[in-house]
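Add chain B to chain A, keeping to what the hints say.
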Amino acid sequence: MSGRRVMVVARKELVQILRDPQSLMIVILMPVILVVLFGYGVNIDLKGLPVFVFDRDGTQQSQDLLKHLQASQYFHVQRVVDNYDALTRGLDNGSAKMGIVIPWNFSQRLRAGGPVQVQALVDATDDNTANILTGYVQGVVQAYSAQVQSQWLSAHGAPLQFAPIAVETRTWYNEDLESSAFIIPGVLALVMSVIGAFLTSLTIAREWERGTMEQLISTPVSAGEIMLGKLLPYFVLGMVDTVVCALIAIYWFRVPFRGSFLTLMGSSAMFMVVVLSMGFFISVLAKGQFAASQIALITTFLPAFLLSGFLFAIEQMPLPLQWITHVIPARYYVLVLKKIFLKGTPAALLYADLVPLAIFALVLGILATRSFHKRLT
Amino acid sequence: MPSAREMWRMAESSNSVVIQGLTKRFGRFVAVNHINLEVRAGEVFGFLGPNGAGKSTTIRMLCGLLRPTEGSANVAGFDVAQKPEMVRQNIGYMSQKFSLYNDLRVIENIRLFAGLYSVPAGQLQSRIDWVLEMANLKGQERLITATLPGGWKQRLALGCAVLHKPPILFLDEPTSGVDPIARRQFWELIHQMADEGVTVFVTTHYMEEAEYCNRLALIFRGAIVALGSPSELKQNSIRGELLLVECTPLGEALEILQSVPGVIDAAVFGNALHLVVENVQTAPAQVSTSLAERNVAVQRIERIRPSLEDVFVALTTMKDAERAA
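The listed protein sequences correspond, in order, to chains A and B. Heads up: the first sequence begins at 1 in this note's numbering, then just goes up one per residue. Heads up: the second sequence begins at 1 in this note's numbering, then just goes up one per residue.
Honestly, the hints are just simulated from the structure, not real lab data. Nothing here was measured: the structure is a model prediction, and the numbers come from that model. Glycine residues also receive a C-beta, built at the ideal position from the N, C-alpha and C atoms. Do not rely on the hints blindly, as some may be mistaken.
Here's a subset of chain A near chain B, in silico, CB distances under 8 Å, partners left out [what the hints assert, rightly or not]:
#1 MET1
#2 SER2
#3 ARG4
#4 VAL8
#5 LYS12
#6 GLU13
#7 VAL15
#8 ASP20
#9 THR212
#10 GLN215
#11 SER218
#12 PRO220
#13 VAL221
#14 LYS287
#15 THR369
#16 ARG370
Computed beta-carbon distance windows for the label pairs [unchecked claim]:
#17 ALA352(A) - SER72(B): 51 to 57 Å
#18 SER126(B) - GLY3(A): 22 to 28 Å
#19 SER231(B) - GLY3(A): 48 to 54 Å
#20 MET134(B) - LYS287(A): 32 to 38 Å
#21 LYS165(B) - ILE250(A): 52 to 58 Å
#22 ASP129(B) - LEU262(A): 45 to 51 Å
#23 ALA352(A) - LEU143(B): 52 to 58 Å
#24 ILE144(B) - ILE28(A): 17 to 23 Å
#25 LYS287(A) - LEU143(B): 29 to 35 Å
#26 ARG4(A) - MET134(B): 20 to 26 Å
#27 SER126(B) - ARG4(A): 15 to 21 Å
Bound-form chain A, shown alone:
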């Protein structure tokens, strides 16, 4: 292994990347676009949802609850109706996403220490939205219920036996229920898949296609030197992009970062080896740029997008799909990312995810090395 030969190949590769507008766009713009896209575009938070309210109680206490609802920014009290039909009509024609019905004995029951139930009719044509809505309304009502309890305590000197509305849903790690905090760390896995596998998949295929490989392998440079030299620039660019994405996530989207930067870089380097090896392996096998790029997209980018748990929760997938996710390297990396960002889990406690990632890196690395020979066929 000659360091000089590795470096001349790496320098050549870097010059080619920097001189190719398409590659350059992918290296510089794509990471930023992806983070911003997922930070803003794929925002599954809902705000200002139209709500119809049917207040059958009409007391100061019931109005108080409605004020809380209105103040929560998730809801916008579109109309206050005085009959049940108007409420259901609003849901039917879509002018309301949710109807709130406060029972006639609301304040009366609360004075007696409850319990009382507030009815929430939710438009569930989009079950995802419905789930989120239910969560929001529960949050608001719970907060109000806690307030009632503390008032009771100060008035009667003794706590209530049970909560006026007993729902217990706590949102950990992402207290503000900001979906971007869940999503953005995973974007790093996408960016690395594109840089590592997609761009790399082109490098060997391009050389075969243009005939430059024949000249290259007629020189004393070894297969290992070619591989290392070619992958080195992509490794460095991929890591730089990782840092850039992390910085945008932390400083622009205010995603909490509670773990160590070193752990982030270490696990990212490991994932980078995985995707680079896959890209290289694909490039060696495909021998055509178009085929290689398609295979790279299908085998790395799509799984990283769909099956990694980055956007869609793995626990909610059909069982067979859940099994498949175990052989998707991005799954482990996305888990590690979320833990580092949101939980601040130290490296020592990440072994359950890092060990599979390391195994993937090793196996794919060996596979890539073995696949490339300095021979024409």
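For chain B alone, kept in the frame of chain A given last:
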């Protein structure tokens, strides 16, 4: 009395390339069929044949890029199948298609290959200067390679292949797609290298280029059909004598003459026919009578010296006849 081993060494020292029974099959297709060849140190050796004859396949095996199916080849004293890396240290190779990096600058390509060939740092600048000088690219170092004219590209490719002063140079159709003047300049470079002691193994399908070689092998359908210097080939390969016949219409004349006794072979060359005949004294009369009988107008019949193309056509038609028989 030298031992067999020493004899082999001595033979090697005067031969840059020794090929024995070299064969390459792709599935059932035999691209190169048991060829034997010795190329002497310092000669310009031409490998002449039509497209698809097996020239590139042979040269790729000699450079260690393709594994021979059978037989062996020894280049610069190293077996191409056993020690391809040692072979690569000692050769320069220019592939058929231009295959330097088009998106790199001239100087970047040169530096890349200097690095790949591990040209010592102390010699680097003088080698780069030498290559720029040789390829006549001084002052053009910063140009992007893609923008160079064809002839310049070829010279740059040659320069990149000799940065490490290899004793043997393999050039696969180095002048294809280059204009005639640039082609002539390129051959001057080849001879310049040979004068410095470099063995040059060059393939071509241009007959006129073959004349520039010290020795030639004619390759046809994967086999060597003739071997020798251009003048040897012209003297010895054709059985009979050669006549040039100018007449109209050519096609009809060709058909008629193929069945005239005493005519061994007839072929169209430009706007005339070349005939290989048994007896150069009696043939002209026979030919003109046969053509006159069928109303073919004859402008000229003349005895000529065979060109390499005549040799090639004669040999390949002979091979085809053997195959058909």
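Right, here's what the structure says about each hint:
no.	hint	verdict
1	MET1	violated (12 Å)
2	SER2	holds (7 Å)
3	ARG4	holds (6 Å)
4	VAL8	holds (3 Å)
5	LYS12	holds (5 Å)
6	GLU13	violated (10 Å)
7	VAL15	holds (6 Å)
8	ASP20	holds (7 Å)
9	THR212	holds (5 Å)
10	GLN215	holds (4 Å)
11	SER218	holds (4 Å)
12	PRO220	holds (5 Å)
13	VAL221	holds (5 Å)
14	LYS287	violated (15 Å)
15	THR369	violated (17 Å)
16	ARG370	violated (17 Å)
17	ALA352(A) - SER72(B): 51 to 57 Å	holds (55 Å)
18	SER126(B) - GLY3(A): 22 to 28 Å	holds (23 Å)
19	SER231(B) - GLY3(A): 48 to 54 Å	holds (52 Å)
20	MET134(B) - LYS287(A): 32 to 38 Å	holds (34 Å)
21	LYS165(B) - ILE250(A): 52 to 58 Å	holds (56 Å)
22	ASP129(B) - LEU262(A): 45 to 51 Å	holds (48 Å)
23	ALA352(A) - LEU143(B): 52 to 58 Å	holds (56 Å)
24	ILE144(B) - ILE28(A): 17 to 23 Å	holds (21 Å)
25	LYS287(A) - LEU143(B): 29 to 35 Å	holds (30 Å)
26	ARG4(A) - MET134(B): 20 to 26 Å	holds (24 Å)
27	SER126(B) - ARG4(A): 15 to 21 Å	holds (18 Å)
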